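S.K.: Top to bottom, those sequences are chains A and B.
The first sequence begins at 192 in this note's numbering and counts up by one.
The second sequence begins at 2 in this note's numbering and counts up by one.
The hints are simulated quantities; they were obtained by calculation from the structure and are not laboratory data.
Careful, some of the hints might be misleading.
[Claimed, not checked] Taking lysine-lysine pairs in the DSS-like style, the calculated list, with each CA pair at most 30 Å apart, reads: (1) B:68 with B:57; (2) B:43 with B:71; (3) B:3 with A:248; (4) B:3 with B:43; (5) B:71 with A:200; (6) B:57 with A:200; (7) A:248 with A:200; (8) B:3 with B:71; (9) B:43 with A:248; (10) B:68 with A:248; (11) B:43 with B:57; (12) B:57 with B:3; (13) B:71 with B:57; (14) B:3 with B:68.
[Stated by the list, open to error] Example chain B residues on the side facing chain A (calculated, C-beta under 8 Å, incomplete): (15) 44; (16) 46; (17) 50.
On a predicted model such as this, the values are computed, not experimentally measured, just so you know.
Note that beta-carbon positions come from the ideal geometry of N, C-alpha and C, so glycine has one too.
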Amino acid sequence: DSGVTQTPKHLITATGQRVTLRCSPRSGDLSVYWYQQSLDQGLQFLIQYYNGEERAKGNILERFSAQQFPDLHSELNLSSLELGDSALYFCASSSSGGELFFGEGSRLTVL
Amino acid sequence: QKEVEQDPGPLSVPEGAIVSLNCTYSNSAFQYFMWYRQYSRKGPELLMYTYSSGNKEDGRFTAQVDKSSKYISLFIRDSQPSDSATYLCAAGPPSGGGADGLTFGKGTHLIIQP
Chain A
192 DSGVTQTPKH LITATGQRVT LRCSPRSGDL SVYWYQQSLD QGLQFLIQYY
242 NGEERAKGNI LERFSAQQFP DLHSELNLSS LELGDSALYF CASSSSGGEL
292 FFGEGSRLTV L
Chain B
2 QKEVEQDPGP LSVPEGAIVS LNCTYSNSAF QYFMWYRQYS RKGPELLMYT
52 YSSGNKEDGR FTAQVDKSSK YISLFIRDSQ PSDSATYLCA AGPPSGGGAD
102 GLTFGKGTHL IIQP
């Protein structure tokens with residue numbers, strides 16, 4: 192158990208809908224990262240937050256947004272969903288050492 | 002060219018064999034390197050983490066980094082069926098997590114045959 196909690200584990204929705212994925216980092220970790228994993232693209236970095244502030248952006252679509260709250264949990268919002276958004280979405284947290292600890296992921300299926 | 006390249010496999014070897022998993026990277030700014038193991042439908046878990054060139058050993062696992070050739074390897078001795086998983090290499094800049102976090106390879110799917 193990495194200590195990172197993600198909900199929901201599975202989500203099935205329709206094109207055009209909006210979903211919110213939630214992540215609670217390991218106790219004491221200030222950084223939260225979101226990654227998307229698909230078969231053809233591998234693990235793609237989406238966005239990083241540090242202590243409530245956006246720190247870095249990767250390949251995140253404009254239809255996607257995220258935030259980190261004062262209690263350090265984070266949410267990833269995906270809107271106007273398309274079939275191609277079906278993937279595993281991972282949250283990871285880290286302390287200052289740079290090692291990432293991943294949650295179990297949220298599997299999103301868009302029909 | 003992706004910054005971190007891995008052969009996706011699958012790589013199938015008999016139980017007890019020595020496994021060699023490899024990655025190459027292109028960004029000279031990368032200074033720290035990791036190997037993650039991912040079982041099917043699970044999150045990646047950290048196996049090995051190193052900053053320097055050379056070897057780092059942990060039980061049956063040895064990570065090797067050659068910065069001059071930008072080559073990363075993971076060796077697994079006495080491989081077990083429970084080692085069957087996808088192995089992801091990752092590399093990152095020196096600021097620990099950095100502005101872009103780690104860059105991951107696509108992973109090599111390893112199968113250990115009993």
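S.K.: Hints the structure violates: just list their numbers, smallest first.
M.R.: Those not satisfied are hints 5 and 6.
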